[in-house]
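A.B. asks: Chain by chain, the residues run as shown.
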Amino acid sequence: MNIKFDDPNRPNSYIGRTVPRPNAGRLVAGKGRYVDDITLPRMVHVAFLRCPHAHAKIGEIDTEEARAQKGVLGIFTARDLAQVCTPWEGKLAHLEGMKTPPQSALAIDRATWAGEPVVAVVARTRAEAEAAAALVIVDFEPLPAVTDMRSALDKDTPVLHPQFDDNLCFRKENATATPQKAFDGAHTVVESEFKIGRHTGVTLEPRVIIADWNGGEGELTAHVSNQAPHMLQVLLAKHMGIPESRVRVICGDVGGSFGVKVHVYPDEVATAAIAKIMGRPVKFCADRLESFTSDIHARDHEATGRIAVDESGKILGFDVDDWTGIGPYSIYPRTSAVEGLQVTNLIGGPYDFEHYRVRSTTVFQNKGICAQYRAVGHPVAVAITEGLVDMAAAEMGIDPIEFRRRNVIRDDAYPVTTAAGLKLEGLSHEKSLDALVEAMDYDVLRAEQADLRKRGIHRGIGIASFIELTNPSPFMYGIGGARISAQDGCTVRMDPDGSVVVLTGVTEQGQGTEAIMAQIVAEAVGIRPDMVRVVTGDTRVTPFGGGTWASRGAGIGGEAALKAGRALRDQILGIAASMLQAKAEGLDIRDGQIVDAASGEDRLPLEELGRVVYFRGDTLPKDLSRELMQTRHYITSDYPYAFTNGVQASYVEVDTETGFVKLLKHWCVEDCGRIINPQLVDEQIRGGIVQGIGGALFEEIVYDDEGQIQNGSMADYLVPMSGEMPDMVIRHVETPTQESELGAKGAGEAGTAGAPAAVMNAINDAIRPLGGQVTRMPFTPERVLRALGTLKD
Amino acid sequence: MKAQVGGYARAEDMAHAIRLLADAEGMGRVLAGGQSLVAALNMGLSFGDLLVDITGLSDLRGVREEDDRLVIGALMRHADVATDPLIARHVPLLAQAAPLIAHEAIRNRGTIGGSLAHADPAAEFPACAVALDAVIRLTGPDGEREVAATDFFRDVFETEMREGEILTGIVVPKTQAGERHVIREAARRAGDYAIAGLAVVIRGGAHRIAAFGTGPTPLLCTVAMERLDAGDVDGAVSALSDALDPPSDTQGSAAYRRHLAGVLLHRIATELGEDV
Numbered sequence: 001m002n003i004k005f006d007d008p009n010r011p012n013s014y015i016g017r018t019v020p021r022p023n024a025g026r027l028v029a030g031k032g033r034y035v036d037d038i039t040l041p042r043m044v045h046v047a048f049l050r051c052p053h054a055h056a057k058i059g060e061i062d063t064e065e066a067r068a069q070k071g072v073l074g075i076f077t078a079r080d081l082a083q084v085c086t087p088w089e090g091k092l093a094h095l096e097g098m099k100t101p102p103q104s105a106l107a108i109d110r111a112t113w114a115g116e117p118v119v120a121v122v123a124r125t126r127a128e129a130e131a132a133a134a135l136v137i138v139d140f141e142p143l144p145a146v147t148d149m150r151s152a153l154d155k156d157t158p159v160l161h162p163q164f165d166d167n168l169c170f171r172k173e174n175a176t177a178t179p180q181k182a183f184d185g186a187h188t189v190v191e192s193e194f195k196i197g198r199h200t201g202v203t204l205e206p207r208v209i210i211a212d213w214n215g216g217e218g219e220l221t222a223h224v225s226n227q228a229p230h231m232l233q234v235l236l237a238k239h240m241g242i243p244e245s246r247v248r249v250i251c252g253d254v255g256g257s258f259g260v261k262v263h264v265y266p267d268e269v270a271t272a273a274i275a276k277i278m279g280r281p282v283k284f285c286a287d288r289l290e291s292f293t294s295d296i297h298a299r300d301h302e303a304t305g306r307i308a309v310d311e312s313g314k315i316l317g318f319d320v321d322d323w324t325g326i327g328p329y330s331i332y333p334r335t336s337a338v339e340g341l342q343v344t345n346l347i348g349g350p351y352d353f354e355h356y357r358v359r360s361t362t363v364f365q366n367k368g369i370c371a372q373y374r375a376v377g378h379p380v381a382v383a384i385t386e387g388l389v390d391m392a393a394a395e396m397g398i399d400p401i402e403f404r405r406r407n408v409i410r411d412d413a414y415p416v417t418t419a420a421g422l423k424l425e426g427l428s429h430e431k432s433l434d435a436l437v438e439a440m441d442y443d444v445l446r447a448e449q450a451d452l453r454k455r456g457i458h459r460g461i462g463i464a465s466f467i468e469l470t471n472p473s474p475f476m477y478g479i480g481g482a483r484i485s486a487q488d489g490c491t492v493r494m495d496p497d498g499s500v501v502v503l504t505g506v507t508e509q510g511q512g513t514e515a516i517m518a519q520i521v522a523e524a525v526g527i528r529p530d531m532v533r534v535v536t537g538d539t540r541v542t543p544f545g546g547g548t549w550a551s552r553g554a555g556i557g558g559e560a561a562l563k564a565g566r567a568l569r570d571q572i573l574g575i576a577a578s579m580l581q582a583k584a585e586g587l588d589i590r591d592g593q594i595v596d597a598a599s600g601e602d603r604l605p606l607e608e609l610g611r612v613v614y615f616r617g618d619t620l621p622k623d624l625s626r627e628l629m630q631t632r633h634y635i636t637s638d639y640p641y642a643f644t645n646g647v648q649a650s651y652v653e654v655d656t657e658t659g660f661v662k663l664l665k666h667w668c669v670e671d672c673g674r675i676i677n678p679q680l681v682d683e684q685i686r687g688g689i690v691q692g693i694g695g696a697l698f699e700e701i702v703y704d705d706e707g708q709i710q711n712g713s714m715a716d717y718l719v720p721m722s723g724e725m726p727d728m729v730i731r732h733v734e735t736p737t738q739e740s741e742l743g744a745k746g747a748g749e750a751g752t753a754g755a756p757a758a759v760m761n762a763i764n765d766a767i768r769p770l771g772g773q774v775t776r777m778p779f780t781p782e783r784v785l786r787a788l789g790t791l792k793d
Numbered sequence: 001m002k003a004q005v006g007g008y009a010r011a012e013d014m015a016h017a018i019r020l021l022a023d024a025e026g027m028g029r030v031l032a033g034g035q036s037l038v039a040a041l042n043m044g045l046s047f048g049d050l051l052v053d054i055t056g057l058s059d060l061r062g063v064r065e066e067d068d069r070l071v072i073g074a075l076m077r078h079a080d081v082a083t084d085p086l087i088a089r090h091v092p093l094l095a096q097a098a099p100l101i102a103h104e105a106i107r108n109r110g111t112i113g114g115s116l117a118h119a120d121p122a123a124e125f126p127a128c129a130v131a132l133d134a135v136i137r138l139t140g141p142d143g144e145r146e147v148a149a150t151d152f153f154r155d156v157f158e159t160e161m162r163e164g165e166i167l168t169g170i171v172v173p174k175t176q177a178g179e180r181h182v183i184r185e186a187a188r189r190a191g192d193y194a195i196a197g198l199a200v201v202i203r204g205g206a207h208r209i210a211a212f213g214t215g216p217t218p219l220l221c222t223v224a225m226e227r228l229d230a231g232d233v234d235g236a237v238s239a240l241s242d243a244l245d246p247p248s249d250t251q252g253s254a255a256y257r258r259h260l261a262g263v264l265l266h267r268i269a270t271e272l273g274e275d276v
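Protein sequences appear in the order of chains A and B. Residue 297 in my numbering sits at position 297 of the first sequence; the count goes up by one each step and never skips. Residue 19 in my numbering sits at position 19 of the second sequence; the count goes up by one each step and never skips.
These are calculated hints, taken from the structure and not from any lab test. Heads up, the beta-carbon is just placed ideally off N, CA and C, and yes, glycines get one too. It is possible that part of the hints are untrue.
[To be verified] Derived BS3-like pairs (lysine-lysine); straight-line CA-CA distance at most 27 Å: (1) Lys31/A to Lys2/B; (2) Lys195/A to Lys155/A; (3) Lys454/A to Lys665/A; (4) Lys70/A to Lys2/B; (5) Lys91/A to Lys57/A; (6) Lys155/A to Lys99/A.
[Stated by the list, open to error] Listing some non-contacts, in silico: residues in chain B with all C-beta distances to chain A over 10 Å: (7) Glu146; (8) Val171; (9) Asp242.
Okay, chain A solo, but in the shape it has when bound (with noise of 0.2 Å):
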C-alpha cells in the first residue's frame, strides 16, 4: 500500500508536517551530552604544539623540560605514534592524475602548515598539558612557503612534496560541443573575474575526541563529534590494525558540523593512537584559535569566466577557468579535489545551453587544508554562472528575470542531461521563478527602486537561481575506492506497548534528523510520533550507514526509515490478521490501534498484540513470524544523484560614501521534492543562506604572503550574525524524486549555494548605474567603494 502523501486528510499524516523536534526540549534545557561533557574515569588530556612556520623542517626536539612538568604523562612525536597508526592518502581512483602524499597523525621531518600538529603532550588536565607543550622546543629551520594559487604551478615557485614535479594535486577539464566556436561567433560575450574567500566552517562545538582503548577487549571506544560515525570507525580500524567490530565510534550530541567533521582529522587520529599507547582514556578538544589553524578550509577559488549570447538573448555556452590552493595535503578520504570537480560540473546549471568549457586546477600550498564544507563547489559555480548571467542581462538591456525565463531548462524538458553531463530527474526552475516573482512582487519592487534611485538611495536586486547536488550514489566515493558508504540503513523495534524505537546510521548535528526520523516511522507504523524514539550515532548499535553529508539524510536515510516502518507495520498486520482472524490486507494502523481499514472500526491495541507476542507467544500459531523488528537499507540507483533547484533574491542598499552594504531582503523559492517536516526545511534554508550571506559580506581567512593567518580569532574572522541578517521569505515547488517512495531530495546546501552569488547580484545592480562592480567576496566596504572609484590609494 503506498502512502497518499498528497491526501493531508489519510490516517496518520505526519509526513509533510511541521511536527515538534523530540530531542529540542532536552537541548533547550541544557541537558545536550557533547563529547565535551563526558569525563572517563582515568581520563587525560593531550595538547598539541603546532608548528608556527607554513613551512619547515623538523630538527631535533627537546622534551627534557616539559617532561619534568607537574602532570605531564608522555610526550609523543611522529615516529612513536607510526608504531600503533598507519599514514594515508586522500585519494580517489576515479579523479584521474590526482596526487598527494602520505599523511602522518603528526608532522614527520617536515611541517606544511603553520597549524599542523608535531608533537602531542598528555597530562592530567588540559591546562598542564598545554603548558607543557610551550616547553617541548622544536627546532624549526623555515623553508620557503608556497602561498600563492595562481603561481603555484609556475617554474620559479619551490615545488612542495619533493617526490613530486610541481604543485599540481588536481585538474579537471570538462567540454562539451565547440566553446571556442560558438564565443567567436556569438552576438556578445561578458567575461569577469571572480574570486570566492577562503572560508572555515566555525562550528559553535568544536572538534572533540575522546579515544578510550580497554587492552583486555582489545577494543577502541571513541566519542566524538562527528558525522560520519560509521566512516571513522572503519577508518580508525583500518589504520590502527583493528578488527572494525572491535572499533565503535559513538557521536551523541553534535553542535553544527557543515562538512567539518566528515573528515579524518590528524589530531584526532593522534588522540586515537595515543589511547592505545597509554590504554586510557586521552580527550583532545580543539579550542578556537586551533580550530582556525586546524579545521578544514574551503572555497578559496579564483576564476576567470566567459559567457555567450546570441541576439535573442539565448545562452550559447559557458568558458570558464578555476583555480582553488587546498593546503599541502588532500583531505582524507574525501580528497579534497571535489570542490574544484563540482565547478566542472555545476557552471551553467539551471540553463539549456550547448558549448561547454570548464577547467579547474587544485594545487598544493603551505596553507590549512581545503575540504568539503557545506554546499561544495555550489557557492563557487552559482557566483561565476549568475554573475555572468546578470552581467549578459545588463549588457543586452534584458531584465535579469527575463533573461533567466528564455534560458532555463524548461519545467517539461525532463529527464535532461546537461551540457556539463549532469543527468537531471526533474526540475522547476520555470515554476521557482514564477514563485519567485509572485513572492517578491517584482515589478512593484523595480519600481521603488527606480523612485529611490531618484533620490540618491542606491538599492540593488539580485537574482539567482541554482541547482544542488543531493542523495548522492557510490558514483561519489564508493567507486573511487573510499570507504564512504552512499546506502543507509533504519531498524525499528516495537516494543510491547506498541512504542518504536528507531535506529539510523544517518546522524543528528542540530539539524533535526531524530524529528524527521520518527515523523516518516509514525506515519509508516501507523502511530504517533512521539511514540517513537529515534537512536543516531553509535555504530555499535545503529545499521552501516554513511551519516550526514550531500543532503543525504532525508532521501535515503529517509527512505530506509520508511521502508522499515513499512515492513514493521506488515508484521504487525501480519500478526493481528492470526489473532483477529482477519485478513492483513483488510486492517491499518491508525495512531497506535490496528483498525478496520473500510470502517475505521478499532480491532487490536497495539499494546496487546505486543503483550501477546512478546509474553504470550505460546498462545500464536507456531509457524507465525513475529519479528517486530525489520531492517530496511536504501541506495539510490538510477541516478547518480538528486539534483534540486531554485532561485534565490537579494534586496540591498549600498552606502555609496562609507561602502556598507544593508541586506534588506531576502527570498528563496526552492524544490526539495517532498518536504517531510516544512519548518525545518525552512530552517535549513534559512541558515544556508546565512553561511551564504557570511561568504558574500563577512568571511574570509585571510593569509599573508609568509602563509601565516591575520585573523584567525572571533574578533577578527568575521562570522555573520543575527543583527545583519534580513527578513528571508522561503516558498517551496515540490517535485518528488520517482526514485523512491518517500520522495525526498536534500535541502540543506540550498540557501548556502545561492545566497552568495543573489548578494553580489544585487550589489552590482545597485552600483552598475555608478560604474561599478564587484566580483571579489567577500564584499567588504572596502572593496564596494574601490569598485565605485571613490577610494583610490
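Fit chain B to the given chain A structure using the hints.
C.D. replies: What follows is chain B alone, placed relative to chain A:
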C-alpha cells in the same frame, strides 16, 4: 587555550586592593567586568597574573553629582551607563556610546573603568572621555590623583596609570546650555570594534572631536575642531584626514579608515545642522 593564572584574591576594600596589588610585585591585574582581561587570559596573551577582584568595592559603583561635574564610578557597567538617569541628563554622549559597545552579554559585565584602563584604541569610552575633556581618577599607594583624559592614553593598551594604581572613576563636566553630543562609528557587524568612529562635543560653541579606531589612542583632532568652529566642514574633513595615521588590517586599510572618518565627520556636521 586555558588561562594560566597566578592567583585570585577578592579585595574587601580599597586599602586591601591597593595592598594586594603592591604585594603582587608587578604581577597584579585588576579584575572588574573581565570582558577584555579574561579573553586575553584565555588567549594566552597574559599569564601568571594575580587577579585582584575589585567588584566588591561598592564605593566604585554609582554616579554622583559634584557641583558642575558628574563622578561616574569605575564599576558602572556599560548597561548601567546606558540607562542611568544622571548620565542621560548630564553626559548624553556616554549614554549614546554604551549601546555601541559589543553585545548585551558583554555590556552586562564590562565596566566603564575597565574600558578606560584597558585603553583599547577602538573602544568608545576612551574617545568619549577625550571628547568630553573628562578627568580620570586614580587611587594608589600614594593616595588619589587625577589625570586629564587627554593626557591619560599613551599608546595601544598603555595609559598614565602607575604600577599599583586602581582607576576609581571618571569625572565629567555636566552639559551646559546648548551643548551637543554625538557619537558615530562604522563597524561591519553590530557590536564589533569600530573600523573608525568619532565622538563629538560642542560646548560653548566650540567643537571637540575625538577619533577612535584610527590610531594607537583616541585622538583629539584639534585642527579639524578649529575648522569646524569656523564653519568649514570640508576643511575639517580634510584636516581630520591629515591628522589620522590609522593602521591597516583585515577590516580595512589606512586609506579606507581615513576616508570613513571623513564621511562620519561630514554626516555628524550635517546632523548638527552645520553643513553648508
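A.B. asks: Hints first: check each against the structure and report whether it holds.
C.D. replies: Evaluation of the provided hints:
no.	hint	verdict
1	Lys31/A to Lys2/B	25 Å, holds
2	Lys195/A to Lys155/A	24 Å, holds
3	Lys454/A to Lys665/A	21 Å, holds
4	Lys70/A to Lys2/B	16 Å, holds
5	Lys91/A to Lys57/A	25 Å, holds
6	Lys155/A to Lys99/A	19 Å, holds
7	Glu146	33 Å, holds
8	Val171	31 Å, holds
9	Asp242	14 Å, holds
Violated hints are absent here; each numbered hint is respected by the structure.
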